[in-house]
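Enquirer: One letter stands for each residue in the lines below.
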Amino acid sequence: MNPAEVHPTAFIFVGLTIGGALLSVLLRNILHAVFGLGIALAGIAGLFLYLDSAFLAAMQVLIYVGGISVAMVFAVMMAHTLGRRELLVGRRLLAAIPALGLTFTLALVVLSSRFVGSTGVRPDEATVLRSIGKQLLTEFNVAFEALSVVLLLAIIGAIVVAKERKH
Amino acid sequence: MTATTRAKTNYLVTVLGGLFSLLAGMLITLRNLFRRPVTEQYPKSKPALSKNFRSAIALVRFEETQTHDCVACMQCVQICPSFCIAIEGDKPEGLKRKRATEFHVDYALCSVCGLCIDVCPTNTLKYSRVYDQVAYRRDAFVYDLLTEFRDAEVAYLEKARQEAAAKEAAKQAAAAARANKDTAPAAANASKELEND
Amino acid sequence: MFNQLFGNIWLVTLASGAVIMGFLTVNALFLVWLERKLSARFQRRLGPTEVGFAGTLQTLADAVKLLGKQLITPRNADKPLYHLAPVIVFMPVVVGVSLFPIDRQLMFVDLNVGLVLVFAFAGIGFIGIFMAGWGSNNKYALLGAMRAVAQNIAYEIPLILSALSVTLLARSMKLSAIVEAQSTLPYLLFQPLGAAIYLIGAVAETNRAPFDIPEAESELVAGFHSEYSGMRFAVFFLAEYSNMAIVSMVATTLFLGGYHGPWLPGYVWFFIKVYGLISLMMWFRWTFPRLRFDQLMSFAWTVLVPLSLANLMGTAVVLKVFRR
Amino acid sequence: MPTRAKAGAVSERQHSKLGDAPLPETYHLNMGPQHPSMHGVLRLVLHLDGERILDVDPVIGYAHRAHEKMAEHRNYLMFLPNTSRVDYLSGMIYNLAYCQAVEKMLEIEVPERAEYIRVICSELNRISSHLLWFGTFLLDIGGITPFLYAFDDREQILEILDRVTGSRLTYCYGRFGGLTEDVDTTFLDQTRAFVKRLRERLPEYHALVTGNVIFRGRCEGVGVIDQHVALAYGVTGPCLRAAGIAFDVRRAEPYGIYDRFEFDIPTEQSGDALARYKVRVAEIEQSLRIIEQAVAQIPDGPIMPDKPKKRFKPAAGELYFAVESARGQFGIYIVSDGSEIPFRIKLRTPSFSNLAAMPAVLPQTTIADTIAIVGSIDVVIPEIDR
Amino acid sequence: MGLQAFLATSLVLFALGLYAVIGRRHLIGILIGVELMLNAASLNFMAFGRFVVSDPTTAQIIVLFIIGLAAAEAAIALSIVLAIYRQRRSIDVTDLEQLKG
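Residue numbers (my numbering), protein chains in the order written: chain A, 45 to 211; chain B, 99 to 295; chain C, 38 to 361; chain D, -3 to 382; chain E, 50 to 150.
Accuracy of the hints is not assured; some may be wrong.
Unchecked claim - Restricting the straight-line Cα-Cα distance to at most 20 Å, the calculated cross-link-like pairs of lysine to any residue (SDA-like) are:
id : chain 1 : residue 1 : chain 2 : residue 2
1  : B       : Lys149    : D       : Leu165
2  : B       : Lys144    : C       : Leu83
3  : B       : Lys149    : D       : Glu151
4  : B       : Lys265    : B       : Leu255
Claimed, not checked - Cβ-to-Cβ under 7 Å is the rule here; a few derived chain C residues that face chain B:
id : residue
5  : Arg78
6  : Phe79
7  : Arg81
8  : Arg82
9  : Leu83
10 : Thr324
Hints listed in this document are in silico derivations from the structure and should not be mistaken for laboratory results. No residue lacks a Cβ here, since even glycine has one placed at the ideal position from N, Cα and C.
Sequences are here, hints too, so could you generate the full structure?
Expert: What follows is the structure, encoded as structure tokens:
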């Protein structure tokens, strides 16, 4: 198989991703939108598999699908508003213009660019995993530690902000 | 011991004690796993009914008469708190005592309190051994208690009538004897023979 | 790796999916029977005896009966969620089973990060549970769903942490490698605390007594699946029993040495261990009362999480000191 | 505070736009009349915030059968079978209580032997009621197996009583002045064997349940009915004794021959579900003690007076007679107008008062606690509805 | 299926995310848009890591960071949503004009 190509079955996941994203953007019921997001995220996890990283696919499912989506669903439930109202037409147009414009511009950029594919021997997944582990603790150590601090702060912040004040 | 270490030991004691209590419980269920099941497989093995088992009432069949002795006194009908007994009685031709001609019990209403059995003057009521009656219609629980006595009842009435007739005859004979002193011993003997039958 | 799998043998993959479905069905039928029999014997009863030898076909008969039942949809149900929920609950289970090394050569997919993927897919099931609870438009179902999600978030953490200490020992997240590393001694001996934490977490993950609060029948009627009937209900049932099998498979792989064992062939050992663990979980269920929701949560956060963290750190320190 | 007022205005506007019900934070949940752990057909309307209970409204009357009204339309004897159906779990005690009340009214002397049999049967019935409660309470909080063990033991009692009375549940064993059937030596042997058996089983129950950490966690500090609440609502029986008040009608106003037996009144101080559990289990042991003494002392003799009264007209007047049922003080208030038919019979049933205390203890607990509290109070709905 | 297809997918995803961020009035809807955009970026990184460079390690590490940051961001954002809801009983951005100034 041509290393520059992945198997066409990946289009199933592309469809899943785009479809889920469309649902999540267009559905009025916000809970349904969150489940749409879940589908899109699962689709992306599938694409990650095709891009030779089962690890990131697993992480994607674990954190995004199992974590973030569930947290969102929880927030929707606790905030009890399912957004029954239509989006305002003006607002929609306002949103569509930059979105379409951006798509168009970037599409031009992508189409006009030529990417040189790598020719070297691609390392297998186990090697990549090992080097991810190594590099996280060497080259990217500062960012890694910073991220852990950010996460810790996020947890504390979330608790502080969301804590019910006793009157 | 400082407060923190005590707190720590308490924590450990709670966790380990809890674990131990769980294991103790599991041991009990495990022991029961190897004991014999106590259930009775009902349709395959029928239960032995207790000697005083209470069920729908039935009429006693007396040895000497081979039939019941319901005289339709209506005491059970009156005392029944569930109003489930219906009796009709009549004086059979040639007899002075009343006999039941209809005896219906609606077991669906009965509360097996036993008051009817208590009040029965002739002790002709008892509990039956019915325990597994099922039906789709409520009237299936209306028992006609006299069905099994019909034949015996006819025979009994016939006999009773004869007895009554004989008694009557003896009485008349005795009366006649009183009138006619000469024939008295013979008539008295005749009436005695009849009574001994 | 995945490209090759899908590129060359994706029909085979579909076929193995069918095999797994078949296995899960038979497994659930067997487990329901086993549970009925075991519970009966724990309670000094006989359990099913009529259909088939010792009632073995009773669950099959029940499944057939369920097929004939009316499918009820509550009037104000959120229909898309309500109908999708059983599928979402069951789907990850199928994928999950494919990841385990049943024998040395018997494995559907062998991924480098198999362990992470198992937990990742376990997380999807809760979304299904949630959809069921929300979609049913029933307060009991919704309460059950809320409980299920909160519980599963809480218990996933100690579960993953205890599994991580095993990966420290095995130096791999590849399930086949973890099993191979236990060819002499199972990790249960090195990780007794981790195994205990995993077992407790696993019982909680599968929503089984004493952690069955999302479907606590004495409180919430039937929890999140109160409104499901017929085959839809059966799918939830199937997923529950399949989940039991999966967490037991994980435990077997991580702590009991997978297919390793003397005399008998590997797959026999694997299934002996799996069903042994499942029986243990059934033993729990038929012995203990149910925890209260807040006790359940505080047990996770104040006992299991600290213990599993300590276990993980202890393992790391010991490994650093004793293994070069 | 202007900011707050403004925020409030926003929320007002919000709701008028959404057309929602007022703040959907709290909601009502109908628990019962059809619910797996509502004993009988009790309905609790819970007002909830999440899983926290703000208020509760017990709704009763789904099993009303007008027993008291029925009493006004039949003579004294005909009311007998009704009594054991008021509280079907301790029917024997109720049945005999009614007999004793009428006996007291008519001043009938009950033979010694009958008195002893009454005590044995009442205490057996009390144990069977407590065993059933034990099982269902555990079932409510999720333990299924103890339920079946308790039923196994209870089955022994039912068999013993069935052999004598002919019924398993709704006994109609008492008559004015005595009983319907005499007991034989087999009955006494069976009773002795049962006492021995249950004494051996109780440690198993303690290991399986009382010590269990999950069980204790579910019960400790849950649903505290303290002395004040208990007295204010007229709570009696094990619920009252669990709050530390050693009140037992068998001791306070001894009836029958209860003054001849040695037994303790178990009490606990905390008044929570665990205390109620402990009191009941201790009561099982005390009942065993009473049975043991009664079986040892039972004399020979008749079980009915020579001339049992079947039709009678008590003098006009009124009478209150109370016994200790398995759930608390069961009182019978009879008003006679001098006719064959009672003018009024009022039954003071313990569960009614015990349930009345629920709204005082339920708020600020959770749904799971509700189940544990209702279970630990041990209500029998037909007894409440009568 | 090659690089271009992945880039196109990611582009569509990003545009949809942007549309949601601007067009949605629901706070959680906006959060959904942000997540979509972050994922579009992740997908891009992965695609370049797979097709263009010889060692995909760096790309994958960056994606890991994105996932981590997204988790932190979601936690904070959702807690803010709850806090706002508690105070104002609404999580509609047009109702939050008071935040201005």
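Enquirer: Compare the structure with each hint and give your call.
Expert: Here's how the hints hold up against the structure:
no.	hint	in the structure
1	Lys149/B <-> Leu165/D	holds, 16 Å
2	Lys144/B <-> Leu83/C	holds, 17 Å
3	Lys149/B <-> Glu151/D	holds, 17 Å
4	Lys265/B <-> Leu255/B	holds, 14 Å
5	Arg78	holds, 5 Å
6	Phe79	holds, 5 Å
7	Arg81	holds, 5 Å
8	Arg82	holds, 5 Å
9	Leu83	holds, 5 Å
10	Thr324	holds, 5 Å
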